[in-house]
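There are 2 protein chains.
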Amino acid sequence: MGGDRAPDMVADGAEIARQKFAAARFLFVGDEARLRPLLDRHPDLARVSELRHTTEVVTNDAKPSAALRGGRQSSMRLAINAVQAGEAHAVISAGNTGALMAMAKLVLKTAPGIDRPAIAGFFPTMRGSSVMLDLGANVECDARNLVQFAIMGEVFARTVLGLARPTIGLLNVGSEDQKGHEELRTASSVLRTNGLNLAFHGFVEGSDIAAGTTDVIVTDGFTGNIAIKTAEGTSRLFSSFLRQAFSSSPRAKLGYVLAKPALDGFRQRIDPRRYNGAILLGLNGIAVKSHGGTDAIGFANALGVAVDMLANGITARIQEELQHLGGDPDAAPNPRTAAV
Amino acid sequence: MGGDRAPDMVADGAEIARQKFAAARFLFVGDEARLRPLLDRHPDLARVSELRHTTEVVTNDAKPSAALRGGRQSSMRLAINAVQAGEAHAVISAGNTGALMAMAKLVLKTAPGIDRPAIAGFFPTMRGSSVMLDLGANVECDARNLVQFAIMGEVFARTVLGLARPTIGLLNVGSEDQKGHEELRTASSVLRTNGLNLAFHGFVEGSDIAAGTTDVIVTDGFTGNIAIKTAEGTSRLFSSFLRQAFSSSPRAKLGYVLAKPALDGFRQRIDPRRYNGAILLGLNGIAVKSHGGTDAIGFANALGVAVDMLANGITARIQEELQHLGGDPDAAPNPRTAAV
Numbered sequence: 001m002g003g004d005r006a007p008d009m010v011a012d013g014a015e016i017a018r019q020k021f022a023a024a025r026f027l028f029v030g031d032e033a034r035l036r037p038l039l040d041r042h043p044d045l046a047r048v049s050e051l052r053h054t055t056e057v058v059t060n061d062a063k064p065s066a067a068l069r070g071g072r073q074s075s076m077r078l079a080i081n082a083v084q085a086g087e088a089h090a091v092i093s094a095g096n097t098g099a100l101m102a103m104a105k106l107v108l109k110t111a112p113g114i115d116r117p118a119i120a121g122f123f124p125t126m127r128g129s130s131v132m133l134d135l136g137a138n139v140e141c142d143a144r145n146l147v148q149f150a151i152m153g154e155v156f157a158r159t160v161l162g163l164a165r166p167t168i169g170l171l172n173v174g175s176e177d178q179k180g181h182e183e184l185r186t187a188s189s190v191l192r193t194n195g196l197n198l199a200f201h202g203f204v205e206g207s208d209i210a211a212g213t214t215d216v217i218v219t220d221g222f223t224g225n226i227a228i229k230t231a232e233g234t235s236r237l238f239s240s241f242l243r244q245a246f247s248s249s250p251r252a253k254l255g256y257v258l259a260k261p262a263l264d265g266f267r268q269r270i271d272p273r274r275y276n277g278a279i280l281l282g283l284n285g286i287a288v289k290s291h292g293g294t295d296a297i298g299f300a301n302a303l304g305v306a307v308d309m310l311a312n313g314i315t316a317r318i319q320e321e322l323q324h325l326g327g328d329p330d331a332a333p334n335p336r337t338a339a340v
Numbered sequence: 001m002g003g004d005r006a007p008d009m010v011a012d013g014a015e016i017a018r019q020k021f022a023a024a025r026f027l028f029v030g031d032e033a034r035l036r037p038l039l040d041r042h043p044d045l046a047r048v049s050e051l052r053h054t055t056e057v058v059t060n061d062a063k064p065s066a067a068l069r070g071g072r073q074s075s076m077r078l079a080i081n082a083v084q085a086g087e088a089h090a091v092i093s094a095g096n097t098g099a100l101m102a103m104a105k106l107v108l109k110t111a112p113g114i115d116r117p118a119i120a121g122f123f124p125t126m127r128g129s130s131v132m133l134d135l136g137a138n139v140e141c142d143a144r145n146l147v148q149f150a151i152m153g154e155v156f157a158r159t160v161l162g163l164a165r166p167t168i169g170l171l172n173v174g175s176e177d178q179k180g181h182e183e184l185r186t187a188s189s190v191l192r193t194n195g196l197n198l199a200f201h202g203f204v205e206g207s208d209i210a211a212g213t214t215d216v217i218v219t220d221g222f223t224g225n226i227a228i229k230t231a232e233g234t235s236r237l238f239s240s241f242l243r244q245a246f247s248s249s250p251r252a253k254l255g256y257v258l259a260k261p262a263l264d265g266f267r268q269r270i271d272p273r274r275y276n277g278a279i280l281l282g283l284n285g286i287a288v289k290s291h292g293g294t295d296a297i298g299f300a301n302a303l304g305v306a307v308d309m310l311a312n313g314i315t316a317r318i319q320e321e322l323q324h325l326g327g328d329p330d331a332a333p334n335p336r337t338a339a340v
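Top line first, the protein sequences correspond to chains A and B.
Under this note's numbering, the residue at position 327 of the first sequence is numbered 327, and the numbers go up by one with no gaps.
Under this note's numbering, the residue at position 214 of the second sequence is numbered 214, and the numbers go up by one with no gaps.
In short, the hints are calculated from the structure, not lab data.
Careful, some of the hints might be misleading.
Because identical chains share one entry, a pair is satisfied inside a single copy or across any pair of copies.
[As the list claims (entries may be wrong)] Listed next, the in silico DSS-like pairs over lysine-lysine satisfying Cα-Cα at most 25 Å (straight line):
| hint | residue 1 | residue 2 |
| --- | --- | --- |
| 1 | 63 | 20 |
| 2 | 63 | 109 |
| 3 | 63 | 179 |
| 4 | 253 | 179 |
| 5 | 20 | 260 |
| 6 | 109 | 253 |
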């Protein structure tokens, strides 16, 4: 029930995903009075779908703590419960991110060896696609969290993006060793020295994100959230200026018409719907957060991310990689107590 | 002597600025053997210029501490000394940012009422231009620093950008009161409640930077540095994809030719040279950092920023505003000891 155009875009997105993933089955959780007519519109989808009725929803402005307490019969909570009960392989929501993370942590539990789950996202770069985490689940992170994020991000890039040996960068204000916060320097030395066998590049800067200097960018949830939203805002500004330029004269308009097929390709390359689907990594189960403002195409892509994660057994693979970190809790010292 | 194309672009940039600012006079500090021929190329500039010879330079990879110790006869240091001695009104450098800030702090001293100077920059938005600070001088900031940055940024936006009543936003991961780090929440309550008479908007997110939601964006130097570089990287990615689209077919190329005048206007709007000139705010004197990679046009713009600051008496105006903060040191409590 979450998202600006829900539940319509959820059902329409599921129909697109159904055509792409023949084996997929769907469990819709929400208000039957609103969902049933949508499924009636898509009889092929209805045949592979189940509907679980509830009228409760988590609103977008609900605090995570309030959603945990008061939202036990919400569509979001029941969808997560279904994953925990083995009735669904993954939960996909376009609703309240904080509530989704809080409920998923409570119900699915954090995976063994992970202190805190993170939100990962992927986006276009000069060299292809990169994945960045954390995008906002943990405002304060210590070195140990960052090292775990690096491992989870690497597995994600390997399994879902299909990269053979993804490179990893730690987001910082400079590439020199002495730069930035203490926890970054500690995380860097752990990633560099222990037996993780990661392709750790070292520190990267904000400009390296879009440059695609590394396949994985690791950062705390505060910085990651600012960075991803700054990139989105810049991209919107650029698009807006470009639109204004093309409509500024008859000649520019004609130029636009001629260049339109090429510009459509350009637009597709940067289309946020292609990169829709923030992944909650580090849980005992698969949870994907779709952008709230997306449409059916974007929601279908978020569903596709969940299918990819499932097909590649990402949860088990992260566990394998964590073994390499070893049981030594001092491997990644905890220099600063983190606050939730 | 600093910058990728220095000293040529410095002399060429000064010539552009000379034509714009009839009363300007220039003091070039650096290697006479290289600077003299450049001035000979511009006889009108040479007439209003003085040359101070030194062969020492601060390299781009020098640590600030090393530059302070070993760079006493460097061109950067002598230029700053000239401001301190009253021989120049402002120093403009395209060299090592960290060294420039460290030397400027040592020589010019931090202004009364300011705990730490900050680096401010301005850039295009949907609504015009905004200024953001700190862009990297202070990796860790407390609430008191952030409040001072807000005051300095507001005066800058008022005097140099010419805005009557600039609005101020604190960069955070959400607009709700309980979001983000402790120091942000404290700074927000100080900016909201005391007698500063600022148009404080509240928290803003990364996407608000390019949207131009507020005229001034206040943040710590770590986050600000990541944000500005992420925006630069995204802008480069966008430009690169656009170039590729326009050269992807003969038809797209023809469209480009027709739309070129409009696209040139678009390019000018986002031209980083227009927004060249990061300002070191909070010193007893005017210091401007030009982007190292800029050309003569960009360097001339950095010179223009210094002229604007001077013409508007920004240093005195910041002092006036600080009076409103009052002498109460508890007005902006210091919840977290900051590390340099």
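Contradicted hints - numbers only: Failing hints, ascending: 1, 4, 5, 6.
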